[in-house]
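Enquirer: If you read the sequences in order, they're chains D and G. The numbering of the first sequence is the working numbering, which starts it at 1 and goes up by one. The numbering of the second sequence is the working numbering, which starts it at 1001 and goes up by one.
Hints should not be assumed to be uniformly reliable.
[Stated by the list, open to error] Which chain D residues face chain G? A few, computed with CB under 10 Å, are given here:
#1 117
#2 186
#3 187
#4 192
#5 214
#6 215
[As the list claims (entries may be wrong)] Label pairs and their calculated CB-CB ranges:
#7 G:1029 <-> D:168: 32 to 42 Å
#8 D:266 <-> G:1101: 42 to 52 Å
#9 D:115 <-> G:1091: 52 to 62 Å
#10 D:76 <-> G:1128: 42 to 52 Å
#11 G:1029 <-> D:127: 32 to 42 Å
#12 G:1091 <-> D:267: 52 to 62 Å
#13 D:137 <-> G:1151: 34 to 44 Å
#14 G:1050 <-> D:85: 38 to 48 Å
#15 G:1146 <-> D:112: 46 to 56 Å
#16 G:1051 <-> D:76: 45 to 55 Å
#17 D:80 <-> G:1091: 35 to 45 Å
#18 D:203 <-> G:1120: 45 to 55 Å
#19 D:128 <-> G:1098: 50 to 60 Å
#20 D:128 <-> G:1101: 54 to 64 Å
Rather than coming from a laboratory, the hints here were simulated on the basis of the structure. Quick caveat: nothing in here was measured; it's all calculated off a predicted structure. Built from N, CA and C at the ideal position, the CB exists for glycine as well.
Listed here are the chains, written in short residue letters.
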Amino acid sequence: MHKAREQRPLKKDLITTFTLIKVDKNKADTDKSQLLLRLRDLLLEEDRRKIQSIDMEVTALAREFNNRKMLAIKIDPIVQEHLDKLKEDFPTLFGPVITQTIKYQIKNSQNEVVDALYPIVGKLIRKYIAREIEIISEKVDRQLARAFSWQGWLRKIKAWFSGTSETDIVLQGLAEPAIEEIFVIEQDSGMLYGSYSRSKNMDQDMIAGMLTAIKSFVADAFQKGEQEPESIEYESYHIVFKNFKTYFLAIAVSGTMTASFKDRLESTVLNFAEQLRRQAETSNGESEDMFSGYLEKYFNELDDGPK
Amino acid sequence: MMGLSKKVILLGHFGVGKTSLIQRFVHQKFSEKYLTTIGVKIDKKVITVEGRELSMLIWDIAGESTQQKVPESYKLGAHGAIYVFDLTRPSSYDLIEQEVSHLKNILPPIPFVLVGNKRDLLTEEEFNALQKKLPAYDYIFSSAKTGEGVEEMFFYLAKQMLQ
Chain D
1 MHKAREQRPL KKDLITTFTL IKVDKNKADT DKSQLLLRLR DLLLEEDRRK
51 IQSIDMEVTA LAREFNNRKM LAIKIDPIVQ EHLDKLKEDF PTLFGPVITQ
101 TIKYQIKNSQ NEVVDALYPI VGKLIRKYIA REIEIISEKV DRQLARAFSW
151 QGWLRKIKAW FSGTSETDIV LQGLAEPAIE EIFVIEQDSG MLYGSYSRSK
201 NMDQDMIAGM LTAIKSFVAD AFQKGEQEPE SIEYESYHIV FKNFKTYFLA
251 IAVSGTMTAS FKDRLESTVL NFAEQLRRQA ETSNGESEDM FSGYLEKYFN
301 ELDDGPK
Chain G
1001 MMGLSKKVIL LGHFGVGKTS LIQRFVHQKF SEKYLTTIGV KIDKKVITVE
1051 GRELSMLIWD IAGESTQQKV PESYKLGAHG AIYVFDLTRP SSYDLIEQEV
1101 SHLKNILPPI PFVLVGNKRD LLTEEEFNAL QKKLPAYDYI FSSAKTGEGV
1151 EEMFFYLAKQ MLQ
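Bound conformation, chain G alone (with noise of 0.2 Å):
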């Protein structure tokens, strides 16, 4: 192994899109099929950010409806998070606030990105609207399926890890 390595896990709900965010990210595709993640799956990807090569280890750990069912093992040692939720379904960031506050209490200070996805499946109208509705973080929206936002949000994370 060469180079600088930074674990990154995914979290969320299930059905929120996290394998199709990497599979876009990763292999640069997109499937409508659903297969649900069990356990953990990880992937790999080497980017180059401000000149320097980091190797991405994605862990993609398996949805539940809480962060507190999540294995805190598969948390340990990440040197960077992103918690996805599907813009479509509100049970999915109904309780984001608790989610957010719990994840930061359990995991060391790390760079923490919010990924609101699916927004290709919402109108202008109504995406202007559930902004307004979100509490007050700061946000990436994307879509797995167009790609709008993917990149941004890996490589915004991994801009704050090499700091």
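Looking at chain D on its own, in the form it has when it is part of the complex (with noise of 0.2 Å):
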């Protein structure tokens, strides 16, 4: 009995402490899932912020994609610079294929290609012609408008005597030569000294620069030791040489050279060289500009002379 009495405080206490422990575990519990909320908040909320705005940055993606005048703005400068990387780089990525499949066209379809051609061709050569006439035509009227004056008479008698026919002499008229442009140029260096040119269409001095150099590797290249190119011809232009020791003279003469013409080229030339040793004598050797006027009128002379 005793010892039942004795056990029921004992049980009511267990109970009490054992509710107290339960109370204070929920307790317990409850603080570390606050804990581990807090915790939570605290670890992932600039994961959190970050998905936010990788979700809005997606949506204004999905915006401007789908929209077709935003992604126009987007993409429009990037294929524009592709394009005009194409077009400045089409010679030499697609030159060769096509120059290939021009040549194999034409290869395998000539008919069709002469075809497609010849009113083109046809044409120019028609225009290229008729211009060509209307030039001869003008120039025979000139030659018929001279027929009664003393040139007329003088080419007559000159038919008479060489035996020539009128018409011919007339027609090598018509290519008259015409001296175009002239240079002295220092032998070595390739310096100009002067020049005279109607149509000064490029630089003299790269001219004569070039002209040396062009010189310089024939005679090099074909090792013929002291001898020198005399000339260059070039479709209807002819470029003598005239070389003397420290300098040579480039001529370019249009039209065709006759006999006549190259033997007063070559007195000129003579005279206008010994001009030149005088003046180079009292000169300082500076590549000045001191023979153009003499240029001009040697070779004025000769171009106003008979041909």
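Using the hints, put the two standalone chains together into the complex.
Expert: As structure tokens, then:
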């Protein structure tokens, strides 16, 4: 009994203690869970913000991507840049292929090509011939107008004495040789001493340099020692070289180089060289424009003389 | 032709940038494309040096692996010379002493400038290391791409030629 009486409060106490512990444990669990929540908030807050921002960006991109106008603003400059690059590189990238293709096409479809080109080429040729005939016709008119002039009688006498027909003499006159350009160039350096030109198309100094380089190249390439190239022919142009010790003359002549013109050119060049020698004796060797006046005087006389 | 004219020759191995240097100096242009020079090409630039107008006729001579292969006729009568090498290509400057000595033998005593080109392709460390390796001459370092040293080399030569 005593025992039982003694046991009762003990049991009650135990139940109370257990209840307290249980209550404490529940409270601790709640605290722990709150702490975990706070910890989670702390740890994941930045990630959440990033996810939110990415989500917004993706939405904006999707909007841009699905909107043609907005997409064009972004993509057009890139496409344009690539197009410009392609345009620039097109000849290099596709030139050889196109050439090959054209060659192949011409080879395999000659008739079609001829049919396609004939009207264009034909027109071009017709136009060119018409223009040339017009020029010749004007020249013939001028010659005929002089038929009873002093030059006309001179031509008739020349034809009678030489046995050449007057027509041939007239035609010869249509392609009269004329001096287009003259350069006085220092032999070694290619520096221009002086020049005379009817049409100043290019830089005279650079032409003088290139003429010297061509002359030197020919001399070097064929290793002919003291021998030098005497002339270069280009379509209806002749570039005649006259070599002297320290300089050379390069004379560009258009038209037909007749024997009499060559003779007169030779003699004018010699006279000019003599004048130049005298001039050089008094100059200080600097490549100043000291000869141009003489060039014009000498070679205009040659142009004006009988051909 | 007015004023004073001087012939300047540009020499050096192929592909060292001679044509690009001239393009930069004369036309203020640069192209990455490489077109080899055949024979010789002549350009002209009129500059004013110390109040004097000077017309520079620049002969861009095709590059060769050795200067002995360059036709001597192109070098005749030159008033100044520029020897260009590529800072990124050792084969273009390995034999620089022999090349300079050969040129000084065949050319009269004219102003001569040594130019190390393509400076833009080297880092500061690589450039410093290379400078220590190069034989003891006076150099001008240039980049036809950026324009560094280009005006300097031609104006330096022009001043020397006028002295």
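Enquirer: The structure should be examined with respect to each hint, and the outcome stated for every one.
Expert: We went through each hint and held it up to the structure:
For residue 117 of chain D, the interface hint is violated, the least distance from its beta-carbon to any beta-carbon of chain G being 32 Å, above 10 Å. Taking 10 Å as the C-beta contact cut-off toward chain G, the hint placing residue 186 of chain D at the interface holds, the least distance being around 6 Å. Interface hint at residue 187 of chain D: satisfied, since its Cβ lies 8 Å from the closest Cβ of chain G, which is below the 10 Å cut-off. Look at residue 192 of chain D: its Cβ gets to within about 5 Å of chain G, closer than 10 Å, so that hint holds up.
Against a cut-off of 10 Å between C-beta atoms, the interface hint on residue 214 of chain D holds, since the closest Cβ of chain G lies about 9 Å away. Taking 10 Å as the C-beta cut-off, the interface hint given for residue 215 of chain D holds, the closest approach to chain G being about 8 Å. A C-beta distance of roughly 54 Å is found between residue 1029 of chain G and residue 168 of chain D, which places it outside the suggested range of 32 to 42 Å. The given range of 42 to 52 Å is respected by residue 266 of chain D and residue 1101 of chain G, whose C-beta atoms sit roughly 46 Å from each other.
Distance hint check: the CB atoms of residue 115 of chain D and residue 1091 of chain G are about 56 Å apart, consistent with the given range 52 to 62 Å. Against the hinted window of 42 to 52 Å, the Cβ-Cβ separation of residue 76 of chain D and residue 1128 of chain G comes to about 45 Å, which satisfies the hint. Between residue 1029 of chain G and residue 127 of chain D, the C-beta spacing of about 38 Å keeps the proposed range 32 to 42 Å intact. Evaluation of the 52 to 62 Å hint for residue 1091 of chain G and residue 267 of chain D yields a pass: the beta carbon distance comes to about 56 Å.
A beta carbon spacing of about 57 Å between residue 137 of chain D and residue 1151 of chain G contradicts the range 34 to 44 Å that was offered as a hint. For residue 1050 of chain G and residue 85 of chain D, the Cβ-Cβ distance of about 44 Å falls inside the hinted range of 38 to 48 Å, so the restraint holds. A C-beta distance of roughly 53 Å is found between residue 1146 of chain G and residue 112 of chain D, which places it inside the suggested range of 46 to 56 Å. For residue 1051 of chain G paired with residue 76 of chain D, a C-beta distance near 53 Å keeps the hint of 45 to 55 Å intact.
For the pair residue 80 of chain D and residue 1091 of chain G, the beta carbons lie near 41 Å from each other, so the given range of 35 to 45 Å is met. Between residue 203 of chain D and residue 1120 of chain G the beta carbon distance is about 31 Å. The supplied range of 45 to 55 Å is therefore violated. Taking 50 to 60 Å as the suggested C-beta distance range, the pair residue 128 of chain D and residue 1098 of chain G conforms, at roughly 58 Å. Checked against the given bound of 54 to 64 Å, the beta carbons of residue 128 of chain D and residue 1101 of chain G, roughly 59 Å apart, stay inside it.
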